[in-house]
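Chain order of the listed sequences is A and B.
Residue 239 in our numbering sits at position 178 of the first sequence, and the numbers go up by one each step.
Residue 194 in our numbering sits at position 133 of the second sequence, and the numbers go up by one each step.
Calculated from the structure, these hints are not laboratory results.
On a predicted model such as this, the values are computed, not experimentally measured, just so you know.
Mixed in with the good hints there might be a few duds.
Given that identical chains are not distinguished, each listed pair holds provided it fits within a single copy or across any two copies.
Stated by the list, open to error - The calculated DSBU-like cross-link candidates involving lysine-lysine, where the alpha carbons are at most 35 angstroms apart (straight line), are: (1) K203 / K238; (2) K135 / K238; (3) K63 / K238; (4) K211 / K238.
Listed here are the chains, written in short residue letters.
There are 2 protein chains.
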Amino acid sequence: MKRVMLTVAYDGTNYHGWQLQPNVITIESVLNEKLSDLFHEEIRVIGASRTDTGVHALGNIAVFDTEARMPAEKISYALNQRLPEDIRIQNSREVPLEFHPRHQNSRKTYEYRILNREFPMPVYRLYSHFTYVPLDVERMQKAADYLVGKHDFKSFCSVNTVAETTVRTIYTIQVEKTNEMITIRVIGSGFLYNMVRIIAGTLMEVGRGNMEPEQITDILAALDRTKAGPTAPACGLTLVSYEYEDGIGY
Amino acid sequence: MKRVMLTVAYDGTNYHGWQLQPNVITIESVLNEKLSDLFHEEIRVIGASRTDTGVHALGNIAVFDTEARMPAEKISYALNQRLPEDIRIQNSREVPLEFHPRHQNSRKTYEYRILNREFPMPVYRLYSHFTYVPLDVERMQKAADYLVGKHDFKSFCSVNTVAETTVRTIYTIQVEKTNEMITIRVIGSGFLYNMVRIIAGTLMEVGRGNMEPEQITDILAALDRTKAGPTAPACGLTLVSYEYEDGIGY
Numbered sequence: 062m063k064r065v066m067l068t069v070a071y072d073g074t075n076y077h078g079w080q081l082q083p084n085v086i087t088i089e090s091v092l093n094e095k096l097s098d099l100f101h102e103e104i105r106v107i108g109a110s111r112t113d114t115g116v117h118a119l120g121n122i123a124v125f126d127t128e129a130r131m132p133a134e135k136i137s138y139a140l141n142q143r144l145p146e147d148i149r150i151q152n153s154r155e156v157p158l159e160f161h162p163r164h165q166n167s168r169k170t171y172e173y174r175i176l177n178r179e180f181p182m183p184v185y186r187l188y189s190h191f192t193y194v195p196l197d198v199e200r201m202q203k204a205a206d207y208l209v210g211k212h213d214f215k216s217f218c219s220v221n222t223v224a225e226t227t228v229r230t231i232y233t234i235q236v237e238k239t240n241e242m243i244t245i246r247v248i249g250s251g252f253l254y255n256m257v258r259i260i261a262g263t264l265m266e267v268g269r270g271n272m273e274p275e276q277i278t279d280i281l282a283a284l285d286r287t288k289a290g291p292t293a294p295a296c297g298l299t300l301v302s303y304e305y306e307d308g309i310g311y
Numbered sequence: 062m063k064r065v066m067l068t069v070a071y072d073g074t075n076y077h078g079w080q081l082q083p084n085v086i087t088i089e090s091v092l093n094e095k096l097s098d099l100f101h102e103e104i105r106v107i108g109a110s111r112t113d114t115g116v117h118a119l120g121n122i123a124v125f126d127t128e129a130r131m132p133a134e135k136i137s138y139a140l141n142q143r144l145p146e147d148i149r150i151q152n153s154r155e156v157p158l159e160f161h162p163r164h165q166n167s168r169k170t171y172e173y174r175i176l177n178r179e180f181p182m183p184v185y186r187l188y189s190h191f192t193y194v195p196l197d198v199e200r201m202q203k204a205a206d207y208l209v210g211k212h213d214f215k216s217f218c219s220v221n222t223v224a225e226t227t228v229r230t231i232y233t234i235q236v237e238k239t240n241e242m243i244t245i246r247v248i249g250s251g252f253l254y255n256m257v258r259i260i261a262g263t264l265m266e267v268g269r270g271n272m273e274p275e276q277i278t279d280i281l282a283a284l285d286r287t288k289a290g291p292t293a294p295a296c297g298l299t300l301v302s303y304e305y306e307d308g309i310g311y
């Protein structure tokens, strides 16, 4: 038996997120189905990030075990032949049998994109959140800087979170504007449920002038979800990459 | 009565192109329907570029006449309320009654995008053409330079073209690569049917080494469609802008 790691890219628009659920199509359900077809055995993948409905990925990670003799490197090609065009394996390789994509230290990169102009632009609508309210990127960056470091992010996660601890470390947050597209790029050791979308929603409140950058400190200290801004819509969020400390990853 | 000019952006994925046709949904049919609803009179738009099925636009131009008293500048807002989210008016304004979007001198900008990497990336699939064959951008630019200027582009248009003359002027062509995305940006006085897609298909042949840049001169001279490369797929093409000489336009 061997354990295989897949780097999985997808357009989340037409899926009910990553995680297996009854009666809906998810990324996980499609991967399980197509891998089981390919190898004529029951395959169950384990995902690194269980992205929500509508969230996109350039490099989510999944692992699975198989008895198949196909070299791990060839699996990406064989699987892509069977997958719908909105899911594409970017890489496949063998990893140690004890490798678990959520129990290993890793560096995760997410991007939240906001189209900020007078009217929506149709070709960007599926991969960014649109707002015509002018956002001040410098204020957003200033607010973002208060989030960098090791903090208790209880105010920045869904109240439904069941994590053992809400302490996480953010390495960097960059807020950049290219033409009319604002990109919030967040790199961290791990993220709580809805954390990046709540960060994006809060930075937008700062950007439009409803909050001051300095308030971030108080919001963090409050440990209270209601103090932060709203959860920004899913379509603006893209999981860019998972990098594992031992060099495994996208 | 007044004549109103619309700057129209759309995602062409779900439309049978611009032009009105029986039994299918086109950009023109949707605009006619929603404008007629809005003004309670029969409205027929005239488009500047009759883009093909699957081609996108950031700024196509349409004009129509109306008896409505709504100020022209407000029409964009009112119409966007009624349009599906893959069509969005970017600007509306009054133009002289004799203004015709295809009979006026204008400068048109098109972009053809090619994703050039090992595997397709789902989030780019609707707005670029994918190829894993490595393309040499410098060779493509060298070939493109032979197309700049006033030429008879008979070799670079569909054999179905009914244009009176196949002489056109290309002002500039830039071939640029950012990460794994190649963008061919063509600016000209006018384009024949399928011309930009045939240019893109031909430059790709040069980029992969099947043709030499210098051959472009012979292809132009041949006045024969079969000498140029294939017509590149529609999804890679975006009509970026129309700019009219008198300052009217997007």
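| Hint check against the structure, violated hint numbers in rising order | Number 3 - this is the single hint that the structure violates.
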